[in-house]
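Protein sequences, first through last, are from chains A and B. Residue numbers for the first sequence follow our numbering, so the first one is 500 and each next one is one higher. Residue numbers for the second sequence follow our numbering, so the first one is 15 and each next one is one higher.
Just so you know, the hints here were simulated from the structure itself, not pulled from any lab data. Computed from a predicted model, the values in this text were never measured in an experiment. Note that beta-carbon positions come from the ideal geometry of N, C-alpha and C, so glycine has one too. Check before you lean on any hint, since a few could be wrong.
[Claimed, not checked] Per label pair, the in silico range of CB-to-CB distance:
{"no.": "1", "chain 1": "B", "residue 1": "Val160", "chain 2": "A", "residue 2": "Gly520", "range": "44 to 50 Å"}
{"no.": "2", "chain 1": "A", "residue 1": "Thr538", "chain 2": "B", "residue 2": "Asp188", "range": "54 to 60 Å"}
{"no.": "3", "chain 1": "B", "residue 1": "Glu120", "chain 2": "A", "residue 2": "Asp504", "range": "37 to 43 Å"}
{"no.": "4", "chain 1": "A", "residue 1": "Phe533", "chain 2": "B", "residue 2": "Ala65", "range": "31 to 37 Å"}
{"no.": "5", "chain 1": "B", "residue 1": "Leu154", "chain 2": "A", "residue 2": "Ala509", "range": "43 to 49 Å"}
{"no.": "6", "chain 1": "B", "residue 1": "Arg162", "chain 2": "A", "residue 2": "Thr538", "range": "51 to 57 Å"}
{"no.": "7", "chain 1": "A", "residue 1": "Gly588", "chain 2": "B", "residue 2": "His100", "range": "56 to 62 Å"}
{"no.": "8", "chain 1": "A", "residue 1": "Val612", "chain 2": "B", "residue 2": "Ala145", "range": "41 to 47 Å"}
{"no.": "9", "chain 1": "A", "residue 1": "Gly588", "chain 2": "B", "residue 2": "Ala65", "range": "37 to 43 Å"}
{"no.": "10", "chain 1": "B", "residue 1": "Gly67", "chain 2": "A", "residue 2": "Thr538", "range": "31 to 37 Å"}
{"no.": "11", "chain 1": "B", "residue 1": "Ala65", "chain 2": "A", "residue 2": "Thr538", "range": "26 to 32 Å"}
{"no.": "12", "chain 1": "A", "residue 1": "Thr523", "chain 2": "B", "residue 2": "Gly67", "range": "31 to 37 Å"}
{"no.": "13", "chain 1": "B", "residue 1": "Ala145", "chain 2": "A", "residue 2": "Gln599", "range": "44 to 50 Å"}
{"no.": "14", "chain 1": "B", "residue 1": "Gly67", "chain 2": "A", "residue 2": "Arg609", "range": "43 to 49 Å"}
[Said to hold, decoys possible] A short list of chain A residues far from chain B (calculated; beta carbon distances all over 10 Å):
{"no.": "15", "residue": "Arg557"}
{"no.": "16", "residue": "Val576"}
{"no.": "17", "residue": "Glu580"}
{"no.": "18", "residue": "Ala587"}
{"no.": "19", "residue": "Glu601"}
{"no.": "20", "residue": "Glu603"}
{"no.": "21", "residue": "Val612"}
{"no.": "22", "residue": "Ala613"}
{"no.": "23", "residue": "Pro616"}
{"no.": "24", "residue": "Ala617"}
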Amino acid sequence: MSEQDALNRAALENLLAATGGDPTFLAELIDTYFEDSATLLPTLRDAVSTGSAEQLRRAAHTLKSNSASLGAEDLAVLCRELEEQGRAGALGGAAERLAQVEAEYERVRRALVAARPAA
Amino acid sequence: MSGATASRRGQILVVDDSRVNRLLLARALEAQDYVVAMAEHGRAALELLRAQGAPSFDVVLLDLLMPEMDGYQALAEIKADPALRHIPVIMISAVEELESVVRCLELGAADYLLKPFNATLLRARISGSLASKRLRDLELEYLEQVGRLTDAAASVEAACFEPETLDEVVARRDALGQLARVFQRMAREVHAREERLQRQVHELRIEVDEAKRAREVAEITSTEYFQNLQEQARQLRSKH
Numbered sequence: 500m501s502e503q504d505a506l507n508r509a510a511l512e513n514l515l516a517a518t519g520g521d522p523t524f525l526a527e528l529i530d531t532y533f534e535d536s537a538t539l540l541p542t543l544r545d546a547v548s549t550g551s552a553e554q555l556r557r558a559a560h561t562l563k564s565n566s567a568s569l570g571a572e573d574l575a576v577l578c579r580e581l582e583e584q585g586r587a588g589a590l591g592g593a594a595e596r597l598a599q600v601e602a603e604y605e606r607v608r609r610a611l612v613a614a615r616p617a618a
Numbered sequence: 015m016s017g018a019t020a021s022r023r024g025q026i027l028v029v030d031d032s033r034v035n036r037l038l039l040a041r042a043l044e045a046q047d048y049v050v051a052m053a054e055h056g057r058a059a060l061e062l063l064r065a066q067g068a069p070s071f072d073v074v075l076l077d078l079l080m081p082e083m084d085g086y087q088a089l090a091e092i093k094a095d096p097a098l099r100h101i102p103v104i105m106i107s108a109v110e111e112l113e114s115v116v117r118c119l120e121l122g123a124a125d126y127l128l129k130p131f132n133a134t135l136l137r138a139r140i141s142g143s144l145a146s147k148r149l150r151d152l153e154l155e156y157l158e159q160v161g162r163l164t165d166a167a168a169s170v171e172a173a174c175f176e177p178e179t180l181d182e183v184v185a186r187r188d189a190l191g192q193l194a195r196v197f198q199r200m201a202r203e204v205h206a207r208e209e210r211l212q213r214q215v216h217e218l219r220i221e222v223d224e225a226k227r228a229r230e231v232a233e234i235t236s237t238e239y240f241q242n243l244q245e246q247a248r249q250l251r252s253k254h
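Using the sequences and the hints given, assemble the complete structure.
Structure, rendered in structure tokens:
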């Protein structure tokens, strides 16, 4: 799948239209997403390595919500699966799923960098 | 945007621990001319809602999963607080479970929206909540002004009525305003009549007092002792 497929472009365009069509705002939003993800991904890694189900649930929930808002639908689905594991307190296979999340995040990141309006 | 426009469109409090979601919601609402304030969890939201001189919020958009105080707790506190419970709370969450939706509605949420939000749906739900909030505000104002009218009736009975206390109710264009206008006019007439009567009573009292004094003088001057004194005085004056 290409980097462009990591994002639902229609969702991103709807988002831009709903927020007044300001490209500067979209750039700010993407930057904020990167900043938050830079905290959330290490939190997920920490939760998986320490077996903290609640921590996993919360961080996966927020990354899911943020990603879905920006049209990163596949990443949102993977995060949702991690969130469910956290909610159920069943962390078997969470490390493998986290690796999938990280790989998908990298594709999303590249797609967003490409979609980010220039300053 | 002018202050008048802002107050007409409404003030909305967005509560979400995710900066991305706060930014998105705030910008989407500002694009529709709403005035937006933000809080990052339930506790911060309650502090804002209860702060002295805080703006009067028309709608709260509340996320569910947050640190410090989650959306369930914040919703329960808002609905348990007599000063806040009338503010419509719309839950906006990525939690899709039916049990969560039901729990929020049972706690008193006006609505439940899923993230990522649909801008048209969000606009419609906020408009609906604002309309019911304004209806409630009007009802509260009406009841408060009915209270002023009954207080005024009690003041008339206690003879301490001040007609100006009804000026705001009198300005209404509805039946309550008409009732207040008639009441105020009648109370003013009664008050004026009372003042007139009091003046007349006062004048009569003066006349009575003067008549009484004249009668007392007459009683004294008509006695034999007084007549003798007058005669003696006259004789003394004629000798000199």
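Okay, the hints, checked on the actual structure:
At roughly 48 Å, the beta-carbon separation of Val160(B) and Gly520(A) lies within the given 44 to 50 Å, and the hint holds. The hint said 54 to 60 Å for the Cβ distance between Thr538(A) and Asp188(B), and at roughly 56 Å that hint holds. Between Glu120(B) and Asp504(A) the C-beta distance comes to about 41 Å, which sits within the given range of 37 to 43 Å. A hinted range of 31 to 37 Å holds for the C-beta pair Phe533(A) and Ala65(B), which are about 33 Å apart.
Between Leu154(B) and Ala509(A) the beta carbon distance is about 44 Å. The supplied range of 43 to 49 Å therefore holds. Remark: the range hint 51 to 57 Å for Arg162(B) to Thr538(A) is upheld by a beta-carbon distance near 55 Å. Evaluation of the 56 to 62 Å hint for Gly588(A) and His100(B) yields a failure: the beta carbon distance comes to about 39 Å. Checked against the given bound of 41 to 47 Å, the beta carbons of Val612(A) and Ala145(B), roughly 43 Å apart, stay inside it.
Between Gly588(A) and Ala65(B) the Cβ separation comes to about 38 Å, which falls inside the hinted range of 37 to 43 Å. A hinted range of 31 to 37 Å for the beta carbons of Gly67(B) and Thr538(A) is consistent with their spacing of about 34 Å. Judged by the Cβ atoms, the range 26 to 32 Å given for Ala65(B) and Thr538(A) holds: they are separated by roughly 29 Å. Distance hint for Thr523(A) and Gly67(B): a CB-CB separation of about 33 Å, consistent with the stated range 31 to 37 Å.
The beta-carbon spacing between Ala145(B) and Gln599(A), approximately 46 Å, falls within the hinted interval of 44 to 50 Å. Taking 43 to 49 Å as the suggested C-beta distance range, the pair Gly67(B) and Arg609(A) conforms, at roughly 48 Å. For Arg557(A), the shortest C-beta to C-beta distance to chain B comes to about 6 Å, within the 10 Å cut-off, and the non-interface label is violated. For Val576(A), the requirement that its beta carbon stay farther than 10 Å from each beta carbon of chain B is met, with the minimum near 12 Å.
A cut-off of 10 Å between C-beta atoms confirms that Glu580(A) is not in contact with chain B; the least separation is 13 Å. In this structure Ala587(A) is separated from chain B by more than 10 Å, as the shortest Cβ-Cβ distance comes to about 12 Å. No Cβ of chain B approaches the Cβ of Glu601(A) within 10 Å, the least distance being about 19 Å, so the stated non-interface status holds. Non-interface status of Glu603(A) relative to chain B is upheld: no Cβ of that chain comes within 10 Å, the nearest being about 17 Å off.
Interface exclusion of Val612(A) from chain B stands, the closest Cβ pair being 16 Å apart, more than 10 Å. With a least beta-carbon separation of about 19 Å from chain B, Ala613(A) lies farther than 10 Å from that chain, consistent with its non-interface assignment. Distance check on Pro616(A): its Cβ is at least 15 Å (rounded) from any Cβ of chain B, clearing the 10 Å threshold; non-interface status holds. Every CB of chain B is more than 10 Å from the CB of Ala617(A) (nearest about 19 Å), matching its label as outside the interface.
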